[in-house]
Each structure stands twice: as structure tokens, then as C-alpha cells.
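Trainee: Residue numbers (the numbering used here), protein chains in the order written: chain R, 1 to 122; chain C, 1001 to 1122; chain Z, 2001 to 2122; chain S, 3001 to 3122.
Calculated directly from the structure, the hints in this document are not laboratory data. The model shown is predicted, which means the values in this text are computed figures rather than measured ones. Be aware that one or more of the hints could be misleading.
In silico DMTMM-like pairs for lysine to aspartate or glutamate, Cα to Cα no more than 20 angstroms straight-line [to be verified]:
1) Z:2064 - C:1092
2) C:1067 - Z:2071
3) R:34 - C:1109
4) R:67 - S:3071
5) Z:2107 - S:3027
6) Z:2067 - R:114
7) S:3107 - Z:2074
8) C:1034 - R:112
9) R:64 - R:76
Among chain S residues calculated to face chain Z with C-beta under 7 angstroms, some are [said to hold, decoys possible]:
10) 3022
11) 3040
12) 3080
13) 3098
14) 3104
15) 3118
16) 3119
Each residue gets a CB set at the ideal place from its N, CA and C atoms; glycine is no exception.
Number of protein chains: 4
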Amino acid sequence: MRLVFSYSARMNPEVPLTFEAARARVDAYISQFKEGYFPPLLMLARLTEETGEIARVIAHQNGKTPKPGEDVGDLELELADLLFVMICMANERGLSLERGFERMMTKVETRDADRWTKKENL
Amino acid sequence: MRLVFSYSARMNPEVPLTFEAARARVDAYISQFKEGYFPPLLMLARLTEETGEIARVIAHQNGKTPKPGEDVGDLELELADLLFVMICMANERGLSLERGFERMMTKVETRDADRWTKKENL
Amino acid sequence: MRLVFSYSARMNPEVPLTFEAARARVDAYISQFKEGYFPPLLMLARLTEETGEIARVIAHQNGKTPKPGEDVGDLELELADLLFVMICMANERGLSLERGFERMMTKVETRDADRWTKKENL
Amino acid sequence: MRLVFSYSARMNPEVPLTFEAARARVDAYISQFKEGYFPPLLMLARLTEETGEIARVIAHQNGKTPKPGEDVGDLELELADLLFVMICMANERGLSLERGFERMMTKVETRDADRWTKKENL
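Same shape as in the complex, but just chain R (with noise of 0.2 angstroms):
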């Protein structure tokens, strides 16, 4: 595979991962494929499909027995493989996680900055 970056730069704590980083690595996996990006109704399967599977690790941690045979699984995995979709469903839409994070962050701070019980002395 073919890419334009050096991948070996991101893991260094020097040169931490940025979203666009993430995203255009998204896109040179994908677009290596005839198939390219799924279209959006499928890629929302998937996405339902992550949600589960974060849903069976969270279970397992908390009260829920494995199968016999199934592990309990790993969450900062299907955390990524999660984010894996939301990036794919941004790029095939031309939408930005970066510009979307900063526009919720922003209607977070504002819409909820009372809503919870600030600490004293912050």
C-alpha cells in the first residue's frame, strides 16, 4: 500500500496524532479499494454494529458473564473501531470531525456550563 505520509511519525509522542492525521489515513486505506466508501444506510449498520460491540465489553466488565469461550474484549479497540465508521461516515459525506468537535464543544460550554454542580474554588 501506497501512502503519501510517513505513518512511522505518529506514535511519537513529538508528533501526536492529529484528526485530520486520522482522517486522511481513513482515506488512503479506503481508497485503495474499488469499493471505496460504503454508502451512508450501510455504513450506519456498521456504526450500530460498533455501538454493540463496545456495548458487550461494557456489559462484560459490569456484571455480565462471557459465554463460555467468548473473552471479555477490549475497549480502547472497539472505542477505535467505532471511530473507524465515524470517520469513514464524515469523509464519504465531506463532513469534519474537527469542525464538528469544535462546534459541540462550544454549544457544551454554553448550553450546559450550569446544568451540573460546579466544584467550589475552581
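Mind docking chains C, Z and S on chain R? Use the hints.
Mentor: Relative to chain R, chains C, Z and S alone:
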């Protein structure tokens, strides 16, 4: 709200958003409040809700008529709401979306390298 | 709307609701409309939405404060909304929830018979 | 396992499955075990998992290639797994899917009566 880094730089295209900055911003937001992070199963309930919100928008864009008075919704913002819950989930458990992304992409690029049809002359 | 069976009998405790009556009632409702059943992936989007609505109610009942102006929600009605989509999904594919229930219970009662702690003297 | 009612009648087409019989059968199954019903948030995690399983099957039937070694799945059984969790959820809270269905259909038949295009000469 006291935050240790400047927000104004974030949307500057020369200072792109990193996963670490997103993690820290969510943590700064949550840490203001006595309630802190929700416990894992409640956080999962929030994740499921937000996945449902994404489903609603994508359904509206793909054949479902909104109810009277209901708008189509904003997919970028709904993706960001889901991302917020994922960052909370990772923060509360001490997991890293950045590390998870690296692990997942390594898996995907290896395991699924021949799952789809490669474009020729790539 | 013309339906071939009487509704008035349904909530009569001497005429309890069968899965077949529920299936037929949903089919009669949908069959009035030219649009008919949604295709499977759009129906799945609806299913995901309704699962999200259930999550919202259960989150509200278990530690999440509703947003200003938002009510706690009605779990019985949200479960019924999900059931509606499931019946649509089964009807559209020619599947039977009744037969599925039988197959699933046989599996559960056999496979999981020793997964949990039996009460003594049962 | 000892149950207080006969199962043999259930698949007899002359004795169709009622929601009450399904409720009672699930309750008899769960009541054998000391663990009993899961608490609501854990049950919701199970619901999310099962919704994800349905998504996986529908994705497989609509354009997603199963991973090597993975089968397409059985939608009828996955719907039944979801139904099982819903019945547990209703039982644990003292809610009735039968009553919910009636309430929901009344709402749908009224509220959405003109949302879609009526067939002519119905």
C-alpha cells in the same frame, strides 16, 4: 471555567486539533463539575442514545420523512456528540483513542488488506 | 382505515394479544400506504433510533438529568416503538417473531441452563 | 428445568403464542436463577448488543462481505434475542409489552394516519 490551554488556536488551520487536545478539553470541561464522569454503564446508555441520533439524521437523509415539526438534523454535530461520549468513556477508563486508532489501523491495514478489490496501478 | 378484524377485543383480558394479531395489525396499518415497508437498511436505521430512545429513558431513570424542558420519557411506549419496527422488519422479510421466540427460548433453555446459579429447591 | 405451564402447546397453530405466554416463559426461565433480572442499565447494554447483532446480519445481507470464517447470520433468531431482552426489561420494571403495543398502535394509527400516501380504493 479555567483551562490550561488557549482555545483560540484550535481552529487555526496551522494548529490542527490533536486527539490529545480534544481529550484534554473534554477532561477540563467535565472536571469542573462535582458529578465528574458518569459510570461506565450510564456512559454506554449515552453512547447508545447518540448512535440513535445519528441514525435519525441518516434515516431522514435516506427516505424517512421527518415528523411534522421535526428537522432533518445535523450529521456533523451528531457525530461530534458521539465523539464526546467516546472521549469521556476513554478518559474515565484511562484509555487512549489515539493509541486505539493506531492499534486498529494496524489491524485493518494488515487483516483486511485483501478483503476488498484493489484498484489497479495504485 | 379498513381492517379485517375487530380491535375492540384486543385489550379484553379474556382475549389476550397474540403475536399473530400484532403482526396482522401492523401489516394492515402499513398496507394502507403506497410507500409500504421501508427497505431493510432504512428499517435498521429506525431500529437504531428506537434503541436510542430506550437508552435515553433508562439513562434518565438512572442518573442522567434531563435537559431543561425534556421529560423523562415513557419506557413502555419506547419498547413498543421498538417492537413496531421489529414487526415491520420481520413482516418485510417474511420472518416470524413467534417462531423466532420459540427457537430462541429452546436455545436459551438448553445452552444457558447452567450458566447461572440455580436456586435450590426449585 | 421445571416450569408451571406446558410448552408443547405453543407451536400448535391452533394455540398461537400470546404476549402473556412469552412474558411468563421468560419470567419462568429467569426466576430459576439466583441472579434474577439484570439491573436496568446492564439490561440496556444487552439491548444495545442485540441491536448490533441485527445490524451485522442486515449489513451482511445488504452489501457488507462477512469476514473470513464469519457467517451471514440468522435475522429471525437475532430479532428473537432482542425480543428476549425487551421482555426482561418490561418484566423487571413491571411494564407490559401488550399494553405498550396497544398504546403505540393507537398513537400511530391516529398521529400518522396522514403521514404517508394512502392507496386509492382501500
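Trainee: Give a verdict on every hint.
Mentor: Hint check:
no., hint, in the structure
1, Z:2064 - C:1092, "holds (16 angstroms)"
2, C:1067 - Z:2071, "holds (19 angstroms)"
3, R:34 - C:1109, "holds (16 angstroms)"
4, R:67 - S:3071, "holds (19 angstroms)"
5, Z:2107 - S:3027, "holds (16 angstroms)"
6, Z:2067 - R:114, "holds (11 angstroms)"
7, S:3107 - Z:2074, "holds (13 angstroms)"
8, C:1034 - R:112, "holds (14 angstroms)"
9, R:64 - R:76, "holds (19 angstroms)"
10, 3022, "holds (6 angstroms)"
11, 3040, "holds (5 angstroms)"
12, 3080, "holds (3 angstroms)"
13, 3098, "holds (5 angstroms)"
14, 3104, "holds (4 angstroms)"
15, 3118, "holds (6 angstroms)"
16, 3119, "holds (6 angstroms)"
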